[in-house]
Amino acid sequence: MPKSILARSVKDAEAAFGSLAHPVVLKAQVLAGGRGKAGGVVEVSEASKVETEAGRILGLSIGGERPSALLVEEAFPHAKEMYLSITLDRGERAFLVVASGSGGVDVESVAGKVMRRLPLDGIDQAFADKIASELSLDQATAKAFGQILLSLEKLAREKECELAEINPLAVGFDGQVMPLDAKIIIDDSALFRHPEFSKIHPEDTFEGEASRQGFAFVHLEGDIAVVGNGAGLVLSTLDLVGDAGGHAACFLDLGGGAQKERMEAALRLVNRLPNADRILINIFGGITRTTDVAEAIKAVLSDGNVKPIYARVSGAEEAEARRMLEGTKVRLYPTAPEAVRAVVAAK
Amino acid sequence: MNLPKDGDPVIVQNITGRYGSLHTRLMLDYGTNIAAGTAPGKAGQTVEGAPVFNTVAEAVAKTGAKASVFFVPAEYSLGAAKEALLSGIKTLVIITEHIPIRDMLQLLETGRANGATIVGPNCPGLILPSERVKLGIMPAPSFTPGRFALFSRSGTLMYEIASQMSSSGLGQAVALGIGGDPVTGTTTSEWLDYVGTRGDIDGAVVVGEIGGDAEERLARHIKKSGFSKPVVAYIAGRFAPKEKKMGHAGAIIYGNYGTAESKIQALREAGARVAMTPMEVPLLMKEALAR
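Taken in order, these protein sequences are the chains called A and B.
Each residue of the first sequence is one higher than the one before, starting from 1 at the first, in the numbering used here.
Each residue of the second sequence is one higher than the one before, starting from 1001 at the first, in the numbering used here.
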């Protein structure tokens, strides 16, 4: 890899520039894709430009995320850019190696890329050499490429990556092969086997809190907090809200078999969302008992200061749940579309 | 595709857990023959009258079961599911969520080598209302016997749509959850082929969501295979933001990959009817049947 220094401030970036060979490349460090296209990567050769460019990049919002730092890296002059990744193909239900002798950043549109299924138990030198030979590279480049592929496959397998990508993989004017950028996504479900990684909770205050409480939660920009049980049902509720002309303030999935305590915790969380001024609950009780839901709603209402609640609660023990909520401030509707129409119209 | 029939013996893996024991009761109530369960170190106990064994091999030897409902926690799933597949289980219904991708890929290989059908993971299971067989956690009252198939990537949405179908007179011969994890044991395309072989099934309802390209693949499969029975689809997530996991590990849009629009367009081009709300599903199926 080229020599680099991680900078957390404009000042650090200027200091780093001073101690590296020029030009350098300033790269936003951010947990989102598409940073190059968002202006998060720029080459700088004069000290006077570092302040403005570093400040600009640190202030960017890339895919809704702010860069946490800036990598100041010596530029590597190169003749061409290759691409290499190990990636899960969900449709094929297999890991693939995707490689291209050209293309770099825009690999998706590159013709002549090589895609091959990977065996689960790893690859050998011959496999790597075969891929390299299909890229029509000169001998020295092919050899270096094969070595990098072997290492990348080992990393992806041992660390259980959903994606391990080197883009671009540059070839210098002297034939030296140099990875200029890389990205990995670890399989969240495999984290229990990898104490060397820790889960990064989302930066958003509410997403972080929900993540720690074990809710599937996404903070959105609208004014109607949407809560339901089951990812698909809540997604579908967002669509009903959107079609009715409303805007959701969040997506909160209680999960299957949600109990009274979880429902209470979820309602207290969304009640504090500053951008929400009303709450929509859509429960289809199967495993979740609707009487538990009704009890949770009543418990939260007794706290006081609860935003208006619009609810559709169907399924197991539904009649009893409706009776329990009679006389409370909750507005109950027999179907999801009716509850959605009411909550959207209440604006 | 291996599906059990009325009265076939079934085992429950991790039958002594909270969900395992609760749903053993509910599956028995529905009419499923839960003949035994497994839980390492708990041999000799019984759960709802079903004997508990330490291993799947023993449970299979004693009961002749070829189907298992799997409630083993994700951390232990690889070993326990392999054990089932190597002990003669031909229908493995994995309720457990968040099984590591590489574990699931290994299970797919083992399943194929042993001629087994894996349903899930991260799914509510499968129900055959006409057979009174329920291998899973879905609420029974949503489902009625009938001549339609229902395949869903989401649990509660499957119950919701099954209820809508049932109350409109469109009962189900088979309903199952494909699974919400990134890699699933079966695909909707495979199930559509199965529907093609069943003379007693008149049409299929497919419930999809954002993420991956399962629905686009299904659309290509419908065209290529010339599937001729009506297909009605519902895709959740038209208003979902990009780059965010929406509940399921598999429900995420990357760039323009995995959007609801792409799925809806592909399915419509393949001749499927796509409902905009769950409530619209039975109407579109009736419309398709009337043609």
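Possibly wrong hints are sitting among the right ones.
Just so you have them, the derived chain B footprint on chain A, three or more residues with Cβ under 8 Å [unchecked claim]: (1) 6 to 15; (2) 86 to 98; (3) 188 to 202; (4) 318 to 329.
Read the hints as simulated data drawn from the structure, not as lab findings.
In this text, a Cβ means the ideal position worked out from N, Cα and C, and glycines have one as well.
Hints versus structure:
With a threshold of 8 Å between beta carbons, the proposed coverage of the segment 6 to 15 of chain A by chain B is violated, since 0 of its residues qualify and at least three are required. Coverage of a stretch by a chain is defined here by at least three residues with a beta carbon nearer than 8 Å to that chain's beta carbons; for the segment 86 to 98 of chain A and chain B the count is 6, and the condition holds. For the segment 188 to 202 of chain A, the proposed coverage by chain B is satisfied: 5 residues have a C-beta within less than 8 Å of a C-beta in that chain, meeting the threshold of three. Here the segment 318 to 329 of chain A counts 0 residues with a CB under 8 Å from a CB of chain B, which misses the bar of 3, and the coverage is violated.
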